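**Student:** Residues per chain are reported as follows:
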Amino acid sequence: MEIQPKLTSLEPERVDEEVDAHDLVIIGGGPAGLTAAIYAGRAGIQSLVLAGPLPGGYPANTYAVENYPGFPDGLSGAELAQRFQSQADRFGAKIVPEEVVEVDFSVSPFYLRTHRRTYQALSAIVATGAQPRRLDVPGEKEFYGRGVSACATCDGFFYRDKRVAVVGGGDSAVDEAIFLTRFAREVIIIHRRDELRATEIYRERASANPKIRFAWDSVVEEIVGGQAVEGVRVRNVKTDEVSVISVDGVFVYVGMVPKTDIFRGQLELDEQGYVVSNRRQYTSVPGVFVAGDVQDPHYRQVVVAAGTGAVAAMEAERFLCKYPQGVCEFPGGGVW
Amino acid sequence: VKLEVSPERTQPQDVIIIGGGPSGASAAMYAARADLKTLVIDKGLTAGALGMASKIANYPGLHEPVSGADLVQRIRDQARSFGARFINEKVLRVDLEGDLKQVWTGEGVHKGRAVIIATGAMGRIRRFPGEERLLGRGVSYCATCDGAFFRDRVVGVVGNNDEAVEEALTLTRFASHVHVFTPTSELRASKELVRELSTRDKVDIHLSAHVKEIKGDEQVGAVDIVIQGEEKTIELDGLFVYLQGNVPITDFLGDQVSTNRQGCLVVDENFETNAEGVFAVGDVLCKHVKQAAIAAAEGVEAALAVDRYLHGRAKLRPDWSR
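Residue numbers (the working numbering), protein chains in the order written: chain Y, 57 to 392; chain X, 50 to 371.
Excised from the complex, chain Y in its bound form (with noise of 0.2 angstroms):
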């Protein structure tokens, strides 16, 4: 791929004007982007994360994690954010609540610009995370985390024997019902059409599943509860008819949005917009590495966003010591 240079971050007065030099740049102060943060200051590195103004990432809005490896207890999202967030600091790491708006990686040292200043950067690691895209109803946000969940792998522990709602039609909106009816006595697809989008494969299988149920040709208005969900309401599209169907969980599955679009034409990605790379983090451009849901369209959990953290930090570090001005002494901030 052709990296199209971004000539406007070379113009001579952004460089002069307040341009800070470091050897790592962080995008992004998730989970993936922290741990990267934590492994680079174990090897010396001194980094600075660029977290955008709510640093914790996806998982801070979450109200509880229970299934991150080492804490049998659980813990709160905002807590486990915090804990990652004092992890990386403590190991050195800079962390500022500012956004990137634009990148330039065809040249070296790679440039970032927020809405404040421009940094240079040796090498860099994009965690920018994804977003399960939202439907935009009244309650949806107030219940996110206490009924309304973008993810059955995380959530559906908590349903047994309870009736829950999936908002969806395609092969994972269907793929998660068939899974939370595991632990749901009951599971109803609200879908907008009068027939899935799903392969046929899903589809046979949720006909076939005695749990499932469907609202066809159904739209969600508005999520309804107290202290929790309590049901959905939903519009026939045909008929205009508004009902409530009473549930204790709704699953949201109208897709995801990796927030890749600073990196257009900047990094190769694919046709849904996530970083391309392999198992080692690589990115289309050397030095450029990438971590967590930005390049993760399978599995979204919190572990596997650190792993993938920890592995980037670890190539980062393999790049920099190759750099000819790096060889491998990190006494922190812009060496070269």
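Hints are computed from structural coordinates only; laboratory data are not their basis. Here the structure is a predicted model, which is why all the values come from computation and not from measurement. Where is the CB? At the ideal position from N, CA and C, for every residue including glycine. There's no promise every hint is true.
Here are the in silico distance ranges between beta carbons for each label pair [unchecked claim]:
| hint | chain 1 | residue 1 | chain 2 | residue 2 | range |
| --- | --- | --- | --- | --- | --- |
| 1 | X | V158 | Y | E324 | 35 to 45 angstroms |
| 2 | X | N309 | Y | V313 | 32 to 42 angstroms |
| 3 | X | G312 | Y | P194 | 56 to 66 angstroms |
We have chain Y already, so just place chain X on it with the hints.
**Tutor:** Chain X in isolation, oriented as in the chain Y frame:
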């Protein structure tokens, strides 16, 4: 003696996990959470590389350092809370053919529809006098993990392969001096690595060096060693052992699972071996990165792959549509 056979034992498991270190225990947690009947067979809490580590500071989320055994215990407790069962037995042999795999231990046979091998790479049989006693007290098998504890101290590295040289290079960033003790008359690592090692000022390479005893009361203090026939005592604060004895534990598999030339198990991108329904994770794959967080992540990925295998899910799509 006729053994009493409990129904627990005769009932087939959905998945049997051999090895309860960070990868095995994390796999167990995810498998149990997916409502799979999960059995973990393990030799004991401190049998593996993490379990014997004295201090872990870089496991993400644990900002207060914990012992390796403590971390393993925490993951096991978590797996148990979702219904995984752990038993303390040593696996002797397996039959991985067909839909129901069989795993024999000293106590009898266990049956499971899928198997995850997470036995690690601590397969060295012979140890130096003092090594076991001072493990975690200056004796270590992982510079990436423990190197930072030896800032401005003198350390030794025993070994002659790529891993030993790489770890010695890592240690040069922390230690004031690094002795490399090579049992053979030359280093058997790649030329590039050997060249890099020999340019380092703070490194002494001792060829034909044979450790006699690791000495120290509470902590490693010295090593008794024969170098080119001459007996010496060298004072040091830490000794990192990478003898080829640190091999993946695969002896119980016979030749049912493919290995590479180094004896490491070979897996595809879903951590499945050549044997259908048999997966492998962690150090037994010898990826040179002995980090608990990475091992745990691998365990999780394998558990999700097992779930997919058992439920005939065509593709891995646990969370959303594309």
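**Student:** If a hint holds in the structure, say so; if it doesn't, say that too.
**Tutor:** Hints, one by one, checked against the model:
| no. | hint | in the structure |
| --- | --- | --- |
| 1 | X:V158 - Y:E324: 35 to 45 angstroms | violated (50 angstroms) |
| 2 | X:N309 - Y:V313: 32 to 42 angstroms | holds (39 angstroms) |
| 3 | X:G312 - Y:P194: 56 to 66 angstroms | holds (60 angstroms) |
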